[in-house]
Amino acid sequence: MAHKIVVTVCVVALTKQDYGELDEAIKEKLDALGDVYDFQTVGKPYANSPDEWQPFEEGTPIRAYLDKANLKASLVSAQLYDPQRGAEVLKKTALYIIDPLVLTHTTKRERLAREIQTTIYNTEKAFCIVLPAELPAALRGELADVCINQLQSLHAIRDENDSYEWQVETAERLQSYLKRVARRLGPKADDFMLSLAQAVFAARGVARPDLSDNPQLVT
Amino acid sequence: MIEEAAAHASKESFFQTAAKQARRLVRPIKDRYDQMILPLDHFFGLRAYGLVVYGALPASLGALGAFKPPDQATLGSRIGLAALPYICAVALIPVVLTFVLVRQRLANWYLLRDHLFMRAATITLAIIAVSSFVCAANGLLVGTFRLVGISVWWASPFHDKAWPIGICLLLSFAYLVGSSTLFLTVVKEDSDLPLLPGKDEIASIKSLRGCLKGIAMSPLQTEQPETEGPDLTERVTQLTTAIEAAMTLITNLGNSFNRLGRKRFYEELSEELVDLRAAATDVNNVSINWSSYWAPDVDLTSLNEVMKMRRARIESLRRSSQWLIR
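Residue numbers (the numbering used here), protein chains in the order written: chain A, 7 to 225; chain V, 9 to 334.
For the record, the hints were derived by calculation from the structure and aren't laboratory data.
Derived BS3-like pairs: lysine-lysine, alpha-carbon spacing no greater than 25 Å straight-line:
| no. | chain 1 | residue 1 | chain 2 | residue 2 |
| --- | --- | --- | --- | --- |
| 1 | A | 10 | A | 194 |
| 2 | A | 78 | A | 194 |
| 3 | V | 271 | V | 221 |
| 4 | V | 316 | A | 10 |
| 5 | A | 22 | A | 35 |
| 6 | A | 185 | A | 78 |
| 7 | A | 74 | V | 316 |
| 8 | V | 196 | V | 214 |
| 9 | A | 50 | V | 316 |
| 10 | V | 316 | A | 78 |
| 11 | A | 74 | A | 50 |
| 12 | A | 50 | A | 22 |
| 13 | A | 50 | A | 35 |
| 14 | A | 185 | A | 97 |
| 15 | A | 22 | V | 316 |
Rough simulated footprint, nothing fancy, chain A against chain V, three-plus residues with beta-carbon under 8 Å:
| no. | segment |
| --- | --- |
| 16 | 296-304 |
| 17 | 310-321 |
Treat the numbers as computed from the prediction; the structure is a model and nothing was measured. We treat Cβ as the ideally placed atom computed from N, Cα and C, and that holds for glycine.
Construct all of the structure, not just a fragment, from the sequences and the given hints.
Shown next as structure tokens:
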């Protein structure tokens, strides 16, 4: 089994209790979706903890995707809005997974649009915004616009780094993004060992070792 | 020859398949049995049933005439009710002594102290009950008592009903302590006698108790770390080392001494330790997560399912091992 990559993750998502503090216009749109957004039921798509958010129809919580991507995640989402520990969360987090609906929450939107955005921008933390393809096109478009307006700094840097993902629409894409992050955060090649191996190969007459031919046992 | 070998091979595979099938059928029954028997063992001390046999041995040897039974001359006289408190006080001394010794043994034989009093009381009462039964049987054989039908016994006066019971109880108390060196050996110290837990198991349990004490006393579980650093890493390393040692002992105990649902008990304990180790590793990575696992005032609803489960198991482990650090 591969060695897991340790990473601190903050899931910036709504919870079951947040329905009352959403913008009225968004509430109406979510209500119209029926069962898809049922804040009374766990996993539709929210739960008591942001880490249990199940953004896609397959019903897998975010923390399970992290596990599948070979990431050993320390989740700090529970402390994000804690006045004493909030600053520490921003400092420690290496990867933010963002639910755009947080930007329609009357109080939580400030935290995301200001502190979190500034931290990601200034310290090049990894982030992804999850906007499921299963949502109606109109609502997706509206949420995408909200993201562009309120997360302008992140929008500006979205293509600068492969640990940024502006819109994750499917579970597969989220999975591949997380695997990419795992590779990025994983152990890097040791330069000394690399040069040593190159020297050994060079001494044996192999200028550029590669695997273009079948490997052979030699004496 | 080849056909014979093939037939043998197919026979083997048939038996193997049958055995596998049987195991599959038996497994749910065994799981249910383990689930039921484990609390019974903890409540009633089933593991120590051998003590009842050894405890009733003096009465049995007395009945067989191996040694002189206690003098019953005074028991035959009519003792008034006023003497009852004195008789109880005197008779209770061997009972209390037996209870204390049994309790001491059971404290060694079980990893945790949950229901220890209940277990010791049950075993002591069982010893008295079996001894009394042996005394009653002996009384019937030698003609001291007479067997009558339930309706006759029910209709007889209170004294006639109570007298044989009282005699048997008093005799069993008298037989309890001092009359059998074997029983005293059994209750005084751990020994490799049949029907009782072996020395290896008790030694492993003692070592495991030591590990659990180390885990319970870990400062990581009581003091919130300021921030990540060498101090925190050292605390986590100490705790994880103790957990590793405990896990090794648990694996050994679970494999070798797994009757009466103990395998299940060790599996549960192992799960608790795995979660404690995961929490410690998490805190080593992000010290602010300490409150999610150990702080008493944390909002449980804000925690994710994994954290909730870890916290619950850590609490369960702390509750069980709290007595070790008192």
